[in-house]
Every structure is written in C-alpha cells, then in structure tokens.
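J.: Line by line, the protein sequences give chains G and Z.
Using the numbering used here, read the first sequence as starting at 1 and increasing by one per residue.
Using the numbering used here, read the second sequence as starting at 1001 and increasing by one per residue.
Think of the hints as simulated: they come from the structure by calculation, not from any bench.
BS3-like, lysine-lysine: derived pairs with alpha carbons at most 27 angstroms apart:
id : chain 1 : residue 1 : chain 2 : residue 2
1  : G       : K112      : Z       : K1464
2  : Z       : K1023     : G       : K186
3  : Z       : K1353     : G       : K186
4  : Z       : K1082     : Z       : K1278
Covered stretches of chain Z, as calculated for chain G (at least 3 residues, CB under 8 angstroms):
id : stretch
5  : 1009-1015
6  : 1317-1331
7  : 1394-1404
8  : 1439-1445
9  : 1451-1461
Values in this document were obtained by computation on a predicted structure and should not be read as measured data.
Cβ coordinates follow ideal geometry from the N, Cα and C atoms, glycine included.
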Amino acid sequence: MSTASGPRVGLFVTCLVDAMRPQIGFAALQLLEEAGCRVEVPRQQTCCGQPAWNSGDAADAASIARQVIAAFEPYDYLVAPSGSCAGTITHYPELLARDPVWGPRAAALAAKTHEVLSFLVDVLGYTPTGLRLDASATYHDSCSGLRELGVHDQPRALLAAVEGLELRPLEGDNVCCGFGGTFCVKYPAISNAIITEKAEAIDATGADLLLAGDLGCLMNMAGKLHRRGSKVRCYHTIEIIAGGGAGPAIGETP
Amino acid sequence: MTAQDQTSFKARAGAALADTTLKLAIDRTTGTAERKRAAALAGFPEFEAARARGAAIKDHVIANLDHYLETFERNATAAGAKVHWAATAEEACDIVVRLCREADAKHVTRSKSMLGEEIHLPDALATAGIERVETDLAEHIIQLAGEHPSHIIWPAMHRTREQVAVLFNADHKPPPDAEDPASMVQSARRVLREKFLSADVGISGANFLVADTGATCTVTNEGNAELTTTPPRVHIVTAGIEKLVPTTAHAFALLRLLVRSATGGELTQYTTFHCGPKRPGDADGPEEMHIVLVDNGRSRMIKDEFREMLRCIRCGACMNHCVVYRQIGGHAYGGTYPGPMGAVLTPVLDGLKQSRDLPFACTMNGRCAEVCPVRIPLPTLLRAWRVRSWEEGLEKAPMRAGLGLWATLARRPGLYRLASAIAVRTLRVLGRSGWIRSLPLAGGWTEHRDLPAPAGGTFMERYKAERAKGDSR
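Generate coordinates for the entire structure from the input sequences, incorporating the hints supplied.
T.: In structure tokens form, the structure reads like this:
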C-alpha cells in the first residue's frame, strides 16, 4: 500500500497501454504502490509524442513534450511501463534544446524519468515475494529500453524471483522485432521479413510464454505468432511480476 | 542515385526480399562478421576507451580541418607527391582522367576504394576510354558481373561462392581448376597478376591521410593495394578530406577500431603507408604520386547537423548489425553507401528527394550506434533527415494529414480520451474473438500479422471509474 512518506510517482500510462491493454497500467500501479510509492495518474497525459518525432514533425512533438513536462514536473518521478515512451521523454532536452524556458524543464523531467521495471529494481530495490507460475518463458529485449535506458538485468532479476518459472534463452534477444512504430506500416514487407525471423526464434525456444517490456513490440510479436498458428502466449513482463500470469494473454478473451 | 537504379526503394527492397539466394549470401557474411567482431571485442577490454579516443581524434580533426589539410599538403608535397583539390565528384574524376591521359595510360589498375565509387570513377574512366582492372578479389567479381558494391567492406557479399564460380568459369581463360574457394582465388591471382605488371597507372583510395608525414595509408587483406600502387609509373590516390589524422600514432589508434569492427581481426594482412613517389636508391615505387583530396559535400556537413557522420571510418559494422540491411542487402539502398551509414550519407550525396525512403526505412532500434567504433549517433542523424523531410514538405499528404489529426487530439487530453474510447469500442466490436485479421487503413499491419483487439475499456476510463467507486465508499 502507498505510504505518506514514499516518493510521489506520476504514472505515464502510455497511449498504447491506455487503449490496448490497460492491465499493464494497473500492474504498474499495483507494484509501485506495493513498493511504497504514492502513485498518481495525471489526467493531462495522452502520448509521449514519439510518432510525431520519429516522423520528423518536430513542432508537434515539441508541443506534446511541453504538455507532458507540465503535467509531470510536480512529481518526484515519471514512471512508464515502456522503455520506448520513457526513452522518448529522456530525449525531450534534445527536442527542446533551443528553447530557453522549456529546455531546462525538459532536462529536469528527463532526469527523473524511468521505465517501470528498472525503476522497481534500481531505484526502489524491490524484490517480489510469494510469486509462483509453473511455466516456461522466453524474454525479448525491446530496443529502446535496452539501448537508451539500460533495461536488461532488471526484468530478468524480477522474473528470477517467480517460483516455477523457467526462463529460456532467446536467440537474438537483443535484435529488433521489426515493429519500429510507423516503420511497420510504411515498409510492411521489410517489417514482415524481420518479424518472421523473430517469430521463428521464439517458437524455437519451445517456451509457453513470450515476455517483453514494450507493448508495441509485444503486439507485433503476438500478432505474428498468432498468424502463424503458434501457441506461445504473450505478456508484458510487469503483468507476470504483478501476479497476472493466470489472466488472459495478449489477444485472448477472458 | 547511382546510374543503375531508377526504380523505387520499395521495388528494389521487394525484389531483394524475394531473392532467397541473396538472403543466404547476406546471412553467411553478416553472421560471420557479427560473430568475429564479438570475439575480437571479447579480447579487447579497452574497447570503450578506444572508441571514446577514436571519436575524439575524428572530432578534433574535423574541428581543425583547415589546419590539417594544409599540413598534409605541405608534408605530402615535401615528400614528392602532388596534391590536387576537388570540390565535387566531377572535378575529382576530371583530375584523375587528366592525370591518366598525361601519363598516356591505356590500362589502369585500381584497388578497392568506396570514395572512387562515390565519385563514379569507374564510369568516368570508361567514358574516357581507359581500361580499368579492379584488383580487389571482390571488386574483380563485381566488375565481371557488371555491378556495384553491395557492402563497403565486402563489395560482392551479395554473391554466393556458387555464383562466383559461374562468373569465373565464363571469364577466366583458362577457367579455375575447381569450384572451391582456394582454386577460384588461385585463378583470380593468375588473371590479375599480369594486369598488375602491365598497368600504366595504379589508383588507390586511402584509409587514412597522415598530416604530419604527408603519407596515405591503405589496409587490405590481399596485398592488392601494394601491387596496384608500386609497379606502375604513376600512383593516384583519391580520398575524402575526412580521412585526415594528425599523426601515424592516431592512424594506429583508429586502425585498432577499424579492423576489429570490420572483420574481427586485430590487424589486416597488409597495412601500408605510401609516402611520396620512389626516392633515389629505392628498389621500387612509382615515379609520380598524385593525391586527389575530395570534398563532395563534406565541408557542408561540418556546418550542419550531420557533422558527426564525418567521424565514419567505413568499417561496415553498422550494416552488419542492421535488421533492415540483413533483409534487403546493399543494392536496395540505391546509393553508393548502404546500411545505416549509407542512409545518412546518401541524402547528402544524391539529395534528400531522391533518397527520402532511406532515413525512414529504419526501426530506430539503435544497434548501429551501439556497435559504431567512433560512436556516431546514427539514429539521431537519421531522425534529423526525417525532420528535414517534414520541413521540406516531402512527406506524403495522407501521412501528413493523419499525423496532424492525431497531434491535434494528443494536445487536447479531454478530446483525446473521448476519441480513444470510441476507437477502442470499435476495435473491440471488430475483434470479438480477441484478434482482428483484417482492418481497413491498417493493411500494412494486418497483411502480415493479426492485430490483438483492445483488452477492455481504456485505462483512463477504468481508472477514473475505480477512483469514483473508492471515493463513494
């Protein structure tokens, strides 16, 4: 439960989790509170602006960035269940570099922005207890979290605390799945070639579950696995850590 | 865009994706490159420090380029070489062709140089009626095939050894004794050896230009650069101005990074410093040495957001580790340089309008920057091209309109929540089974994969409802 003394965390839900898989947001909320944080969900949030920024629309990206900064700067931390969105927020100083007012505010927010799994481990020193899931799983390192925020050991450490869960190595776990935001719809044939290899590697592990830390990548991998008739079930890592491994996986109905 | 390709990027990529032999060739070479590089770095614990130093050396030279260019010219001239300056690719080719004519050259040999490809020197020599023989084994293969390099280190990496056997059997007289790599290499040696000795002019590139000695440095694994530059009467070097380093020690600092990143070796078989022509008492060497220093857009890059690209030492690690390159290979990019570094450089060389797809055909996964030995922030530079593309109005109208609508909503949280709640309900109706197999306007997605339907109401709706319930208790 939240305590009056714990850090005040603004939960950045992310637009994809908000629309497609709210249980990821609730899992983050639950674990942050269990770890002693006072969590709030600012109503002024929509998206981090990455679609605009990666499309070259810097003006709209900057405008959305200012909105996120204003909404989250009152908190001790901004925490998001996505390395990709948190990574974008850490790039706001770059986006607003020439703005004398918003540049420093962007830098201040970037410095207290975290991906949720690494925040739980690195900042809060959280270790889950009493978790059990009898299954085998394999883990894909989503690129932004891995390379922009150093998310690698933390999710593995959290998963190691789940009794009965066997983590199987994934060949090319640090190789992009071919999602890439608008890339996958702009260059569908190339994206398909990349995700096909990824899906083959996932199937080759023989694991029951595929876990990852970003819903965009997960939807790409889950969507391809389902199209191929694979039985692998996909979850965001935080769902498993929050004890949601018995609930419906991505694409499953309750 | 190079002369051979007037087709669209998507068409070229599509053709590449359909070519299973190409995929086999790419996987063989990039897979080996990735493994060997990883093994080399495992035995090079000071790699991170060496990268930082490599980047610092290049940044220092770029910041003081005028000084080092003048120093290089002075020292190269003192060593007996003649330095020529070319602002553009055309000027560079004109100088080389003029020098060949002055030497009354009928046959020239050339050792592999991507700068030569960049300025389209092979075409210029052909137009001038000068016979050119490529002496690098892979360049020999693509010369026989009438192609351009598909990789900056392994120009013929798109061709399997089985395909090379077909080319050699058709061209080599007599043909190779057998189709194993050793016999084919032996056959190429036989064919090329006589060309080396009969050439009037040898043309090479340079991996480094050493300012304080005026030397140019080449690295090869075949020794063909030495045989190209030593026997002919005239040696011509073509090099980009960003190849400068202050001293030989700096060249070696970068060589440690270059070779490990490129082939996974610690050093190439041959590392040669060419300092001026033959001196009195020398056993061999050319009578004349000319060095053509090429700008071709580089001094413009110093002033703009692509400055860090001038650090590039042309190792090819970025393309070996690129998920897109590994699916489509080098030719689909349509420029001289493929892969991530090519996607940054080709718009500089050929114009953004011609090559606009390249900075977008990238998932921004960051692996290229992770492996770059001189820490070039390639995704950042690719994004800079995307910003220019947007600012110059090159983005297509539907994408512009769609993104504009989305951004308008994203800036109005109340309206955004309403719109996303409606979208979620619609998608849930379409995906009652949990999956959507086909969706209008999202064909790029559903053509190849299913779309999971939203799991329930939006987080923001449900969170608000739960809070309200909590408050009323």
